[in-house]
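Asker: Convert by adding 57 to the 1-based position in the sequence shown; the result is the number in the working numbering.
Think of the hints as simulated: they come from the structure by calculation, not from any bench. In this text the structure is predicted, and so the values were computed from the model without any measurement. Be aware that a few hints might be false.
Taking lysine to aspartate or glutamate and the EDC-like style, the derived pairs with C-alpha atoms no more than 16 Å apart in a straight line are [unchecked claim]: (1) K169 <-> D745; (2) K777 <-> D845; (3) K809 <-> D786.
Okay, the calculated beta carbon distance ranges per label pair [claimed, not checked]: (4) A744 <-> Q529: 21 to 27 Å; (5) G324 <-> A527: 30 to 36 Å; (6) A1109 <-> T943: 29 to 35 Å.
Beta carbons are placed, not taken as given, at the ideal position from N, Cα and C, and that holds for glycine.
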Amino acid sequence: MKIKSPRRAAFINLRALVALLLCAIGVVLAAFAAAPGAGEKNAQSAGRPTWLATLSSALGLHSSSQTVAANNPRAGGAAPLNREPAERAQIASQGQAAAAYAGPQQDFRPVKALRSRELRHTRPIHPSKAPKHDHPEPIRPQPPTENGGVAGPIQTTAGQQYSAPSPVGTGFDGVGNGTAGYVPSSNPPDVNGRVGATQFVQWNNSSFAIFDKVTGALQYGPAAGNTLFQALGGVCASHNDGDPVVSYDILAGRWVLSQFVVGGPSGSASHQCVAVSTTSDAMGDYYLYDFMTDGTNFVDYPHTAVWPDGYYMSTHVFNAAGTSYLAGRVYVFERDKMIAGQPARQLQADLAKDGAGVQYGFLPADLDSITPPPAGEAAFILGPNAQFTNRTDSTRVKVNWGTTPTIALTTAVISTTGLSSAPCVNNTSAQNNRDCVPQPSPAVGADYLDNLDSHFMYRLAYRNNGTQAAPQESLLASATVPGSASTPAHGAVKWWEFRNTGSSTTTPTLFQSGTFDPDSGYRFMPSIAMDKDLNIALGYSKSSTSVKPGIYMTGRLGTDAAGTMGAETQVQAGLGVQTSGAGNRWGDYSSMTLDPIDQCTFYYTNEYLKTNGAFNWSTRIATYKFPSCVSAASAYGTVTGTITSSGAPIQGVTVTLSNGYAGSSDANGVYKITVPAGSYTASAADADRNCATASPASASVAPQGGGTVTQNFSMAGGSKLEGNGVSIDDSLGNNNGIVNKSECVKLNVGVKNNGCAAETTISATLSTSTPGVTVLDATASYPNLPIDGSGTNATPFRISTSDTFVCGTDIALSLNLTYASGTKTVALTVPSCAGGANQSIPTSSLTTSDLTQGDRLGRDGVPSTCSGKTSPGGGFAGTKYYKKWTFTNSSGAPRCFTVAINAGLGGAGDIESAAYDQAYDPTNLSLNYLGDSGISGLGTTVGSATYSFTVPAQHNFVVVVNTTGATTSSQFSGTVSGFVDNVAGPGACSGNPTPTPTAAPTPTPTPTATPTPTPIATPTPTPTVTPTPTPTATPTPTPTPTATPTPAPDFALSISPSVATVSAKGGTVTYTVSITRTGGFSAPLTMSVSGLPAGATGSFTPNPANGSSATLTVVVSNSVNRGTYPLTVTATGGSPVVTHTATATLKSK
């Protein structure tokens, strides 16, 4: 996520000096300046350029890439404020901030997709556990010149109730304060959501949730946004940066979910992570894409939209530091490939400038109607003109996805309407001029809310209300503008309906517009959409000194007088006001969308507060419709059927219709697709399952409105045997559940048949290429595996590690499978020596007697992760104090380490921490850089920081803690985790025990067959010597075993309860370990436990145990996956050493 910075760097250059001179002249001339004309807008409009600014612009006193205006230092875009804000590095000059801009970087190479597992089977990453990759908020460009023109009608009286939509059912809360334990960590929420065929998906800033669209029941989440991209890996999996958009592809019944990546590795600064569902089920699986959108610049404020020839995205492009606005840019992603999960390309182009101004606050048209635009029609981009407030910019975008794809932009100006800046009531530089929208007490002026003016607000809704051959195209837009002249000065919501004739080259014309301002309340943050009957719904926030900020709606019938709205409806009353600490942020947008099936029901989501406070926002999802609108659901039909292979149902096969609609078979082999009535070709395929053919290969289906068509498919193909996990049994070694050096370990290797046919006669040979590892028992058989069946080796494989094995090396294994239909080698890895003890950074403080350095790293709000981070660099000259500690990665492989710094609050100044490979050079902060803590406030207002980084094998690394200024620090301490366990096991495997058991039974009959009867029978004269005394001598040994029970000292273990259950949200359970001592065993026993999942810890009281029992306490964090975990408790003690184990089970539910 991006966050606003309270600091603003001072830029000094020649142009700035000239501007200062002009300002001095302006002061003199201002005394003689005439009062504003009656036609001018309210003087409180934030950042309104004066005639002096216009003169400066005319003289060229600004760079071609726009920078912040002196009279409008507002930050811009959707950058949320985080509790731990980032800062800007100090930059010597504006020229340093604004490097030469090279334009968009076309790259036609297709980006491969990865198909995820079904989301319903993916454990959500808790929002609090997601990595934070914040970015200083970019500086907003200078607003356009206020130049009058036709303002359009201002509606100062609300219309009739019948002209407004009515609530349908009961609204429900979305992601926000208190939802399923969710706690906001940033502000604003960037409220965004979309309704689909059966669900509503809401994605607020960095967390999403899925709801039943009728009942509001929570189906999934809240989950961190990067949950979607875990299977993809890379920056999309490791970043959770926000600015998300939820789209629904009505032409194919697919969800399109995306968020951006900020501050990627060097050379790939900006990415867009896109997930396209394989069906209309948001809980299903997705095709995942990672598009690099710019190698060096910061691509901000992405808004996606659906068009037949692509998924379009509008963005604001800033330099990497966010200090210079470079371009308005549009991206197009190759839709037809993405809905098929094929490699897809992207195109990009910068929008034309308006004179010296760069377009800002624009949106792409997003398809709402069942009827698509005319075939091949160019897409629409509309937005405010960058020069003048009485103009709107229109850009038509035409792409061609040929061998060498092309993108062409046709730009025009709609001169009949535009967008003025709304009043900013308090308007102080201390609040970055965001304190605009008033609130009731206890909020004060400095707490007033951001109005986010100068933008067309999400979405630009498109409908074709005619046919493809004879289209009637409408585009709906909304924004916040000045209200009427009534006092107090306030904002109102303006809306537009533009229309187009269906041509790819024409410019849309204004059909109607209006400004809804029925009283002096401040209305802002609007969103708009149109139903199939041309009725319009307009949602927004409203606040004033007497009305707490809440959610409201109005609307109009398609037959109402042009430019008017009906009555205002309160969707959700505000129950609290936003107070200091939240950065004045609100929105940054809301979302009005239309049910794609009935084409009548509007779903609107926006934010409100349940109590006074900061960082405590809630959201609401409400449904409204016009009673006169009759559902279009009857225009949809259903295609269904059963998918089988060899007569058995098969899951996960996708049936696709020729228009892109698709459905997957469930566990019973049944699929179901709801699609607009019509004629289609249906086909079934699942290449991932090795399903080679389907019978029939394709079929014509023609579902009627309200009807159902059944089409079954039978799949044929081969099996697909894949690895299904490795379990470790080191009971022959040290029994800690980990492969250590000098240890004998049994392996059970799972195999699953993810194919399209059953498999039989399966056997395998295990081999390894890892030095120091020997496979002893290398062959095993497996059970026959039906489709989706799984099994493990009938007899365990056995490996032995030598005392020279380098701990921490991942053991590379090859499972060479042989089966009835062929052979295959599956590559596996087994980690080693995990769980080494943490090492400490001792309690310390930084004083003036410590080492000094002349600079420090910038704090960008981004704690580094295992995947790496680009050094934020320095730029903060002055004396700082530091201490350093050196550690070693003794592992045979690169390893991720985590540093946790705990600091006392209230120190004289902040501290920060960073890590370096091999050595630290305080004169070059980026040399050998590995990672850093990133956050501000550590040691003053923030008590702890955690960051991670990866260290090469066998390398030392240095952890540095330094002050951020010339002050001393409070006390701090830390831990470093991630080390390997270098303690050797009891020894490598001795011999090969597999043949030994086979040989053991053979000798047993041999002694029985060699009896002394032969010698006894030979001396016939000796029968007298065979009297009863001889048999009496035989029982004599019996007393000896009776005397043997004075056994060596020993003990036995048992555990109660055998099964303990804990919530996956976290908790604590205890076990009682009973110790039964025999033979006079009295030695203390050292207790340990293995098998605990990651995120759980176990401790014993007492340890060592001297008596007859000990208590095992297991603490489970909320990061532990749901599941069943077998635990092994080991007790060791005495001389000679005696070791015993007992088992129990931990269930996380």
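Asker: Compare the structure with each hint and give your call.
Answerer: Against the structure, the hints:
Note on K169 and D745: the hinted pairing holds, with a Cα-Cα distance of about 15 Å set against a maximum of 16 Å. For the hint pairing K777 with D845, the CA-to-CA distance comes to about 9 Å; that is within 16 Å, so the pair holds. Proposed proximity of K809 and D786 is contradicted: the alpha carbons are some 20 Å apart, above 16 Å. Distance hint for A744 and Q529: a CB-CB separation of about 42 Å, inconsistent with the stated range 21 to 27 Å.
Roughly 50 Å separates the CB atoms of G324 and A527, a value that falls outside the hinted 30 to 36 Å. Taking the beta carbon of each, A1109 and T943 are about 46 Å apart, not inside 29 to 35 Å as hinted.
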